[in-house]
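*Asks:* Here's the letter readout for the chains.
There are 2 protein chains.
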Amino acid sequence: MQNNTITSPKGFLAAGISCGIKKSKKPDLGLIVCPNGAKAAAVFTTNKIVSAAVTVSKQNVKTATIYAVVANSGNANACTGDQGLKNAQKMCELTAEEIEAQNKQVLIASTGIIGEQLPIKKIVTGIKTAAQKLSATQESGFDFANSIMTTDTKVKQATRKIQISGKTVTLAATAKGAGMIGPNMATALCFITTDIAISKPLLARSLKSAIGQSLNKLTVDGHQSTNDTAIILSSGAAGNRPVVTACPRFKKFNKALGDICDDLAKQMALDAEGATRMFKVTVKNAATKSQAQIAARAVANYPLVKCAVNGADPNWGRIICAIGSSGVKLNEEKLSCKIGSITVFRNSKPAIFDAKKASAIIAQKQHEIVIGLAAGKHSDFCYGCDLSKNYVKINADYHT
Amino acid sequence: MQNNTITSPKGFLAAGISCGIKKSKKPDLGLIVCPNGAKAAAVFTTNKIVSAAVTVSKQNVKTATIYAVVANSGNANACTGDQGLKNAQKMCELTAEEIEAQNKQVLIASTGIIGEQLPIKKIVTGIKTAAQKLSATQESGFDFANSIMTTDTKVKQATRKIQISGKTVTLAATAKGAGMIGPNMATALCFITTDIAISKPLLARSLKSAIGQSLNKLTVDGHQSTNDTAIILSSGAAGNRPVVTACPRFKKFNKALGDICDDLAKQMALDAEGATRMFKVTVKNAATKSQAQIAARAVANYPLVKCAVNGADPNWGRIICAIGSSGVKLNEEKLSCKIGSITVFRNSKPAIFDAKKASAIIAQKQHEIVIGLAAGKHSDFCYGCDLSKNYVKINADYHT
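Heads up: the sequence lines are chains X and S, in that order. Using numbering that gives the first Met the number 0, the letters of the first sequence map in sequence onto residues 0 to 399. Using numbering that gives the first Met the number 0, the letters of the second sequence map in sequence onto residues 0 to 399.
Please note: incorrect hints may appear among the correct ones.
The list makes no distinction among identical chains, and a pair is therefore deemed to hold if it is satisfied within one copy or across any two copies.
Below, computed lysine-lysine pairings styled on DSSO-like, alpha-carbon distance capped at 27 Å [said to hold, decoys possible]:
| id | residue 1 | residue 2 |
| --- | --- | --- |
| 1 | K85 | K364 |
| 2 | K121 | K265 |
| 3 | K328 | K120 |
| 4 | K392 | K22 |
| 5 | K392 | K153 |
| 6 | K265 | K388 |
| 7 | K103 | K89 |
| 8 | K388 | K103 |
| 9 | K348 | K85 |
| 10 | K388 | K47 |
| 11 | K22 | K348 |
| 12 | K348 | K89 |
| 13 | K85 | K333 |
| 14 | K25 | K356 |
| 15 | K279 | K328 |
| 16 | K21 | K288 |
| 17 | K356 | K21 |
| 18 | K153 | K388 |
| 19 | K89 | K25 |
Everything labelled a hint here was simulated from the structure, so no lab data went into it.
Generate the whole structure from the sequences, applying the supplied hints.
*Replies:* Set out below in structure tokens:
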């Protein structure tokens, strides 16, 4: 069976265990180790309140060679003050000790409840246990993917193989999503491993571009968390001629990275809290690209649109209302809207359409809403998901 | 029994009937008539897509003397093109005929489903029927209030009496709310009658200020509808010395108008679709008033906060996350948050508090969340409501 986890690229070990952060005893601590060192790049939340893990990783990612990533779920270590920062540093220190690296050569990510101190004693034992379990097997990769989940119901993974200068280069990624997902940096947590040999600046550039076109296009509830982090590690073990300029080989890698991030973004939308389906909102003919994005997000974040998608109702009135309310430039006489292939609104007037067919399109796992503003030449898109009773149940019944 | 409806100020007649716009046969057509004429002012949605009624009323409100307002529920007459505009004009014309006024002396408001043409034949008959039922009784005032409701479960009314130059001046208002309510102009529809003698510019100024501090502070789902309209009519029948400058008498009227609008805003929040309770978000010590408002709305619109309020959960982490995500200037070391009288976050650190007490505060019909940004001297507030499973049920199961 083919390994489709983050251990599939050459040069990576992983582990995922339960150390008792979660009362449920579900896995809550994961390690990725690159024994020969990796180049690393990361993208973080732009929330002004960030977790201790984000503070530490922002600093450590500047280090030339990274040897490990330690991640925990069940506790965000955010709004935890000096003690929280010490605990995050302690986690890096313990991981570094286990693999004989320096503290600054370890990256860290946390997700879970805000405002509680980490149970650091449990984590001390946990890191040791996880270090002993490190392996390059598919099982270990899956264990890591499992250990970062919070209210996710499914493990999210994606892999690609490409040929670069005669060598097979593998990219693999895992992410956790669910709630508090809004652009920019619609991630929660995302970890990508690859064995390509590439320079650190190009790795960073490729990550930024891939996240910008995928996870940052995803909006579940319009908000970024305090902890959103995407990390990429490249071991260079594929043995390709190192990519050091923006050459065709770089573009090939770029595309593959974009593809797996897009794949993860869709998996995250479909597994958002309470979500039963996802949709893509494309806004065309906007005055600027930024206005296209504002309009698309206004539609994808509008609770009434999200509820209509949940009910498979082709309620274009709510879509048009969201567009009008977003404040973007539009031609009031020439607005149009399509649900899948069906035109529901044309020249700012309702079109005659088969409501059952339109409802069947929305009832699919994924569909696209296309809006034309007739105000310019720019377009952009975003991904959204429906709003279900279950979203409310998950987030109202969950108690701090 | 005291008349607490829009017919309580002197000089107004009202009626509300069912003419068959709604399949449910519930009341859907209302009239307010001021036989001796009234000064009028109005505030409208800033949504770029507006209903035909808004287009017509924006023009007609400029007329020196207004004799009537005609309103319908069950159909928004929005996105209905030229035919929609003709129908809105037709409604004014029919109303004008009944009361022997000019078309431009009638204001109009619509609410309901977007994108369907009005059943104009039913409305023709309806306006005649309503005109015959016009009266100054409390019953007629209540009938009008009832005729503008859509998914509202309760009639919303407020009245005040004040003394102006030795005369009793009465103000009365009714509103409908429920969904698609977001600042600015968080109204859906609001109708205010008063018998004060006042100049038209001062009436307009007072309305703008009152709506700005009340309905525009209310956010249910962050979006304005295509139809939001607030209209005030003053008959001058109280016989007070006319208010023509911003004198103390004007301030007294201003305050009373502000009070009834605030009262309505709270009624609307409590009767928002699926809402079980409301809350006020006050942001203090912001760099600017506008930033205080942005931060307050970020909290009130955040689905995870709304769900936590629904579950009576003092989940301050979600509040702080929303503040951080809003992008406003803040002192990362000095943030604070109170739920009612309980400090839950101080100097950017969790405070020790009695979670049961905090939960009991949230479980009330109304509570206040106060956030301190420690970034300046400005403050502002907004009103929000919880997000319940019932909101989703109402909006997912409702089919176009």
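*Asks:* So, for every hint listed, does it hold in this structure?
*Replies:* Evaluation of the provided hints:
no.	hint	result
1	K85 <-> K364	neither (44 Å within a copy, 41 Å between copies)
2	K121 <-> K265	neither (34 Å within a copy, 48 Å between copies)
3	K328 <-> K120	neither (56 Å within a copy, 36 Å between copies)
4	K392 <-> K22	within (20 Å within a copy, 32 Å between copies)
5	K392 <-> K153	both (18 Å within a copy, 26 Å between copies)
6	K265 <-> K388	both (21 Å within a copy, 25 Å between copies)
7	K103 <-> K89	within (11 Å within a copy, 74 Å between copies)
8	K388 <-> K103	neither (44 Å within a copy, 46 Å between copies)
9	K348 <-> K85	between (60 Å within a copy, 15 Å between copies)
10	K388 <-> K47	neither (30 Å within a copy, 31 Å between copies)
11	K22 <-> K348	between (55 Å within a copy, 23 Å between copies)
12	K348 <-> K89	between (62 Å within a copy, 20 Å between copies)
13	K85 <-> K333	between (58 Å within a copy, 19 Å between copies)
14	K25 <-> K356	neither (42 Å within a copy, 31 Å between copies)
15	K279 <-> K328	within (21 Å within a copy, 32 Å between copies)
16	K21 <-> K288	neither (43 Å within a copy, 41 Å between copies)
17	K356 <-> K21	between (45 Å within a copy, 26 Å between copies)
18	K153 <-> K388	both (19 Å within a copy, 23 Å between copies)
19	K89 <-> K25	within (23 Å within a copy, 66 Å between copies)
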